[in-house]
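Q: In case you want the letters, here they are:
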Amino acid sequence: MRIGLTLRAGLVSLLLFGLFVGAWHIGTAGTGPAVKMDPEYAKLMGATATQGKSAMPGPAEVGARIWQHLKDPFYDRGTNDKGLGIQLAYSIARVLAGYLIAVAVAIPIGFLIGMSPLMSRALDPFIQILKPISPLAWMPLALYTIRDSGISAIFVIFICSVWPMLINTAFGVASVRREWLNVAKTLEMSPGRTAWRVILPAAAPTILTGMRISIGIAWLVIVAAEMLVGGTGIGYFVWNEWNNLSITNVITAILFIGVVGMALDQLMARLQHMVAYAD
Amino acid sequence: MTFDDPLDAERSLPARGCACGGHATQADHDRAVAASGDERLARIVQSAVVRALFPEERSRRAFLRAVGASTALAVIAQAFPLGMATEVFAQAAAPEKKDLKVGFIPITCATPIIMAHPMGFYSKHGLNVEVVKTAGWAVIRDKTLNKEYDAAHMLSPMPLAITLGAGSNPIPYTMPAVENINGQAITLAVKHKDKRDPKRWKGFKFAVPFDYSMHNYLLRYYVAEHGIDPDTDIQIRAIPPPEMVANLRADNIDGFLAPDPVNQRAVYDGVGFIHVLSKEIWDRHPCCAFAASKAFVTQMPNTYAALLKSIIDATAFASKPENRKQIAEAIAPANYLNQPVTVVEQVLTGTFADGLGNVRTVPDRIDFDPFPWHSFAVWIMTQMKRWGQIKGDVDYAKIAREVYLATDTARLMTEVGLTPPAATSKSFVVMGKTFDPAKPEDYVRSFAIKRAA
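Going down the list, the sequences are from chains G and R. Numbering-wise (this note's numbering), the first sequence opens with residue 1 and increments by one. Numbering-wise (this note's numbering), the second sequence opens with residue 1 and increments by one.
One or more of the hints may lead you astray.
Footprint (simulated), chain G over chain R, 3 or more residues, beta carbon under 8 Å [said to hold, decoys possible]:
#, stretch
1, 122-133
2, 240-247
3, 260-270
With the C-beta cut set under 8 Å, the calculated list includes, among others, these residues of chain R facing chain G [to be verified]:
#, residue
4, Val-139
5, Asp-142
6, Lys-143
7, Asn-146
8, Glu-148
9, Ala-334
10, Asn-335
11, Tyr-336
12, Gln-339
13, Thr-342
14, Gln-346
15, Phe-352
16, Ala-353
17, Gly-357
18, Val-359
Just so you know, these hints were derived from the structure itself, not from any lab. For each residue, glycine too, the CB sits at the ideal point set by N, CA and C.
All chains should be modelled from the sequences, with the hints used to inform the complete structure.
A: Right, dumping it as structure tokens:
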């Protein structure tokens, strides 16, 4: 029965996909009424203007483009034209840098807040004000003060991924069951040992949830940040193709962004699974 | 081609006859150019010194008439070692730094900066330059101020704005070369085909690339001349050029005054039509510029000279109509402009579809001339003042001199075999109204629609 359900779900997914692609194909196929134009003039115009061709590419075009990118993901034709693989690698490197710094900052502070009601109250207003700020709003400030666009992008990733981890860590640490802490006290464990051996394992699932949310946000933000500063990265690729009004490439990039985002999320889900425990 | 003999009492240095002003006809000029060489270099140095000694044209000629050219030269050589100065100029000193980064925005205005890379103008002058595509003007400004870029493609008003501290902290900035002249246009959405009269534009939303841009000033000037107040009757917002066509298609804006290839791209995609070319507003107006911080110019003079020489060289190459097709092919790929070749070609050759069904031929739709006229700077500052971007008294002439490095450009133009104009200021006509660079304040006051008090 279980296999049957998976199979059926798969079939429905395929059907939906087929419907979507079919509708897409029909929606974009064909050309509008051919506009009467002087041939000299028509030579200077694009297909959208001359044949009333839809500005939206069809699924076949996008498929062909994806295949092209898959065949040669690491080409390098100069500073401003690199393969999709290289661009994705730049973006992932930036996300990881910003994200790891955020982990290093958020988890210790989260512990502090979770373990000390005083610090929790004292830091609360700052967190509440800083948390809802769109990470991109930091960009001009970062560019101006850090004076380096690469580090500014990493800073933006850092600032957007720090909050979910911080809040989740604090929450996880604060809600470790009292009895377990009491047992630790009875056994005369040092505070450091308690934090490491009792609180960390107990709070780990909550912390990992925060980390999973964060990596998702970081991946969302990097695209926008790179569109802003340019140079390298998948966000720059999207911007550069937007500049060329190449919707085909933009759609291709969107799909790749989705795939990488899913991979990152699945990775965190694995980790989360590893630290889960039954109460 | 050289500055002609500055020691000739009968000669007038300001322009007359040929391009350099020294010959009766262009043919004489060309013949003289062919004969030049070492002698030319000596002339350049003499000329610079004589000009410095006699800023007044009349007193120079009076002096030379009184003592004669050879005596004058001997007297000057006593005080100033002309021979040595000539040698210093002749030795092309090695650049202090070879690997440079230059930022650009993907528009045809940047043609000299971009093409110098694939067509080898940088390497010809001993530099290894990386040209980096940048997302917008604010970012290019910040990256240049952060020293991530050694020099950059900017809008010609930006170095003035940066120096004046409008829109950023005041930092001494220089603009040693204009990249292109003309090359912009007002494009309107196709649905406004019948609204060609600007008086009917009330309520329109327009886009310009940046607040401190020729585009902003030209659009404001154009509508104001038609009695439309650009601040209250229409809306003008800054949108980076690459995003303009997408916004026009999405109906977010009614039109834009933008650099090419944006205008031609809107036509190519059947989204808009070209209402007027900017050359029809002000023929031979400057647009984009090559800019560097003053620190770069003073700390690395040889690198700066080599870089500027490459740009001037490229500009000269681009100014020849027969080279334009080749340039279009070189700069259209994804690494540079990332546009269909035919769009770039239409812009550069000036044979283009206007979006209304006509093929127009305007060979100087865009042209390239590196000379940073001081009067350009003064005009730009009058418009900044007119629209309230800068307040109070402005020392127009001084800032123009400090930012627009016309003398450097003139010297390097001669070195690469071009003809710099004899003066650094000229009067010009914008929409039928003459601008006198000597009277900027009167000019600002003369407008009916303005923000300045």
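Q: Could you run down the list of hints and mark each one as holding or not?
A: Right, here's what the structure says about each hint:
no., hint, verdict
1, 122-133, "holds (count 4)"
2, 240-247, "holds (count 4)"
3, 260-270, "holds (count 5)"
4, Val-139, "holds (6 Å)"
5, Asp-142, "holds (5 Å)"
6, Lys-143, "holds (6 Å)"
7, Asn-146, "holds (4 Å)"
8, Glu-148, "holds (6 Å)"
9, Ala-334, "holds (4 Å)"
10, Asn-335, "holds (4 Å)"
11, Tyr-336, "holds (7 Å)"
12, Gln-339, "holds (6 Å)"
13, Thr-342, "holds (6 Å)"
14, Gln-346, "holds (6 Å)"
15, Phe-352, "holds (6 Å)"
16, Ala-353, "holds (4 Å)"
17, Gly-357, "holds (6 Å)"
18, Val-359, "holds (5 Å)"
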